[in-house]
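Order-wise, the sequence lines are chains A and B. Residue numbers for the first sequence follow my numbering, beginning at 1333 and rising by one. Residue numbers for the second sequence follow my numbering, beginning at -3 and rising by one.
Hint data in this document are derived by calculation from the structure and do not stem from the laboratory. Just so we're clear, the structure is a prediction, and the values are computed from it rather than from any experiment. Watch out, some of these pointers could steer you wrong.
As the list claims (entries may be wrong) - So the derived label-pair ranges between C-beta atoms look like this:
hint: 1; chain 1: B; residue 1: Gln92; chain 2: A; residue 2: Glu1407; range: 23 to 31 Å
hint: 2; chain 1: B; residue 1: Gln92; chain 2: A; residue 2: Pro1647; range: 53 to 61 Å
hint: 3; chain 1: B; residue 1: Arg144; chain 2: A; residue 2: Gly1528; range: 45 to 53 Å
hint: 4; chain 1: A; residue 1: Val1539; chain 2: B; residue 2: Asp50; range: 53 to 61 Å
hint: 5; chain 1: A; residue 1: Met1510; chain 2: B; residue 2: Asp50; range: 37 to 45 Å
hint: 6; chain 1: B; residue 1: Gln92; chain 2: A; residue 2: Ala1750; range: 33 to 41 Å
All C-beta atoms in this analysis are idealised placements derived from N, C-alpha and C, irrespective of residue type, glycine included.
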Amino acid sequence: MNDLPRRITMREWDDRYADLRARGLREADYGGPLRRHVDDGDDRRLLCLQLDNSPAALRLWNFLLTEEDRLGQAESQGKKLVGTMKDLGTVPVMAYALPNLVAFYPDGAWWLPCLMEDRTNLLAIADSLGIDESFCPVRAMLGAFVTRAHFPIPGMLTCSVGATCDDFSAIAQRLSGMGHDVLWWEMPHRRPPEPGEPSVALPGGFVAPASQVEFVRRELQRVGEALAAYAGRPLTDDMLAVGICRANCFRRELGQLRQLVFAAPAAPLPALEMLIAEMLAVHFCSDQDEALEVVRSLRAEAADRVAKGVGVLSPRAVRVYWVNPVADLRAMNLLEDLGGRVCGSEYLFCHAIEPIPEDLEPLEALARAALADPMVGSPADRAQRIAREIAVIGAEALVISRIPGASHCAWEGSIIGAVVRQRCGIPVLEIEVPPITDSIEPSLRTRLEALLETAQENRG
Amino acid sequence: MTTVAYCHPLVPPEWIAAHGLQPQWLQPKRSPTAAQGAVRGACAYAGAVVDAADRGLAAAGLVLTTVCDQMRYAAAVIDRQGRQPVFLFNVPATWQTAAARQLYLDELRRLGRFLVQLGGKSPSAEELVGRMQTFAAARAALLAARDRLSPRQLAAALARLRSADLGIDGSMTSAFPFPGGMPSRGVAAGRHVSDHVEHAHPALRVVRACHPPPSPSRAPRSGRLPQGAREVVPLAIVGGPLVEKDFDLFDLVGGCGGRVVLDATEGGTRMLPAAFNPERMAEDPLAELARAYFEGTPDVFRRPNDALFTWLERELAERGVRGLLFRRYVWCDLWHAELHRFRQWSPVPLLEIDVHHDDQGAGPRIAGRVEAFLEMLQ
Chain A
1333 MNDLPRRITM REWDDRYADL RARGLREADY GGPLRRHVDD GDDRRLLCLQ LDNSPAALRL
1393 WNFLLTEEDR LGQAESQGKK LVGTMKDLGT VPVMAYALPN LVAFYPDGAW WLPCLMEDRT
1453 NLLAIADSLG IDESFCPVRA MLGAFVTRAH FPIPGMLTCS VGATCDDFSA IAQRLSGMGH
1513 DVLWWEMPHR RPPEPGEPSV ALPGGFVAPA SQVEFVRREL QRVGEALAAY AGRPLTDDML
1573 AVGICRANCF RRELGQLRQL VFAAPAAPLP ALEMLIAEML AVHFCSDQDE ALEVVRSLRA
1633 EAADRVAKGV GVLSPRAVRV YWVNPVADLR AMNLLEDLGG RVCGSEYLFC HAIEPIPEDL
1693 EPLEALARAA LADPMVGSPA DRAQRIAREI AVIGAEALVI SRIPGASHCA WEGSIIGAVV
1753 RQRCGIPVLE IEVPPITDSI EPSLRTRLEA LLETAQENRG
Chain B
-3 MTTVAYCHPL VPPEWIAAHG LQPQWLQPKR SPTAAQGAVR GACAYAGAVV DAADRGLAAA
57 GLVLTTVCDQ MRYAAAVIDR QGRQPVFLFN VPATWQTAAA RQLYLDELRR LGRFLVQLGG
117 KSPSAEELVG RMQTFAAARA ALLAARDRLS PRQLAAALAR LRSADLGIDG SMTSAFPFPG
177 GMPSRGVAAG RHVSDHVEHA HPALRVVRAC HPPPSPSRAP RSGRLPQGAR EVVPLAIVGG
237 PLVEKDFDLF DLVGGCGGRV VLDATEGGTR MLPAAFNPER MAEDPLAELA RAYFEGTPDV
297 FRRPNDALFT WLERELAERG VRGLLFRRYV WCDLWHAELH RFRQWSPVPL LEIDVHHDDQ
357 GAGPRIAGRV EAFLEMLQ
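Using the sequences provided together with the hints, build the complete structure.
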């Protein structure tokens, strides 16, 4: 069988898997053919996707799509589950510092309507509870709490509020109103320091007043005390320091993978697999050690392909910077089908990718990491950061992907677009990607084609 | 006098006035460009604020808050317009911790520095106390007179109070829309601190943390008319901010045989601060100002927001409300998400009024719904 890197369909993966097995493929305990996620898990969207044909990608998909089993196993082994909502990357680092806790994001349910092509009934349940399509697809989380079918109901829930999107805050409040006890913690709007005010550089380049860092540090201390009480054991600074180191192992590995893939002349891995890999940074898909191994496999695969001078896309593909995650994974395929490639990304959680400072008191370091969330500051700051990255990596076009109903998406696009046009002089396109794009694919295709053609013309 | 515009009741006008600046309660008008934003999911109210700022405010600065995410983003848009300095006031969503309360107080101090940059003068404690007394007296007098005012008059008076025309004597007489002014007019002009706080002034004794309405003997409750007269149905309205044109809704309700006896919208009595405690005010007026505002205003954005329901439960009963108008902007997630909970919770029938960018005050669609609702209740 041809081992050249390619994006292949599920049908092709059936043969590919059989071939790999015949050739001695060794898998983790959650391994197996991807087809089972369609047949047993009803993840029918996989049938519409083009997936990378490497064993590393197989491992990635299997790891992602078995999280529910993993959570169930953890619970049966006596571990305690923590649902960490909204902060995207900080509280899980604290939770995993306690050996008997497993953290996950119920927010992740937002992809279920896509993966299961809306056969989950989750959106219909959300509708019935008054959370209709005017809200972000994360409303699927509400349905998942009702059905209890997609993740175990955790014994503890945390949620960051304040400078967060209204959709999530409102839905989390509904969960609270339905009787789920939520530990709310405050994330202030990150503001520029006043003249002469002590300030702190944050991971990723943002700056915040020292007083805000101290405020968040105290909030995280409150969260840490609650986690320790829930775990039934103390959470010491030493434990947190170890937890930060472990998180950083993953973040550095992921950082190297991104650098390798985005800088390569021909993309060694597709955008879809890269998006999933980045998502692992948020909570390690409920297994920190294995998440690290999954990303290591991807990096090894990418490095091998780069060394051989091969990739999954043409070296002539237009280099696109992509902003915001897509509700329908198919959109990432579509860009590549049309001659684009993702060479830089900001999927709302770049703070979960940046290493956490290890030379600081742990809670201070975590507070800085949390405040580096691009969504808690001004969208103008976020836009400047994106423009800086675009300049460094030489992107030729920008796609701002709107999440339907998300409160921030009504506003941020105009600011990010204006800043990038002004600073980088590249074409910018805003698109809206619903959980299933089939009905709008022709218009999405047309708009993306126009963007890519414009970028190609700019090459001169 | 230099004017500072703001549009959320958690920004204390006392604090702006104490800096020698004129607070201006912004009441934006709906606009066509807001309609464009609505296509993308922008709240019509936030869009109207952006448009108002883009057209140019007669103000040296604009204060917005973080209580809703759309306004947080709107602040960034206005800041980029560059027409006037924008101050984004960070109001914590949580309220249970001393840290959250301290953050609000710190934000007041930061706002003070912004006001000084605009030309204001940092007030002495005595000056702040004076302003707090004046506003407290005006609020108390207004609350005492609420049943003698039409709902539109009350809403307009609250809006005017929030942008008080602080004359030489600081009497804020322009806030009162009815002949003869308020009984407390003279009080506000010249009496002592103790006359304006909860322990001393009779009208203020009842204005506790959540300022329940005046006693039944003070004024006839709406809807309690003499025998034989057509029954007037007392209603409450709850929701986000209203613009001036939206006050038509009060007239519409009146024309359909009802009366809004409880305005629990963002600009209504629900969001008035708690009464000031005289001892704490004497000791640390800014801290007391922060306490009264931050702890005394039950709103939907709080996490958790149960205090909103507790407050409403008491107020609906106190004011004999028989129907609830739930008014929300189509893209306002904070209120929209609570609608289902309100339906389950409300002790009285509830009518949803969803407001689009092109709904002017009380258009035919809204009028038809309100009319049917009141017919059902009569």
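Cross-check of the supplied hints:
1. B:Gln92 to A:Glu1407: 23 to 31 Å: holds, 29 Å
2. B:Gln92 to A:Pro1647: 53 to 61 Å: Since the Cβ atoms of Gln92 of chain B and Pro1647 of chain A sit about 56 Å apart, the hinted range of 53 to 61 Å holds.
3. B:Arg144 to A:Gly1528: 45 to 53 Å: The hint (45 to 53 Å, Cβ to Cβ) holds, given that Arg144 of chain B and Gly1528 of chain A are roughly 52 Å apart.
4. A:Val1539 to B:Asp50: 53 to 61 Å: Check failed, 28 Å falls outside 53 to 61 Å.
5. A:Met1510 to B:Asp50: 37 to 45 Å: holds, 41 Å
6. B:Gln92 to A:Ala1750: 33 to 41 Å: For Gln92 of chain B and Ala1750 of chain A the Cβ distance comes to about 39 Å; the hint holds.
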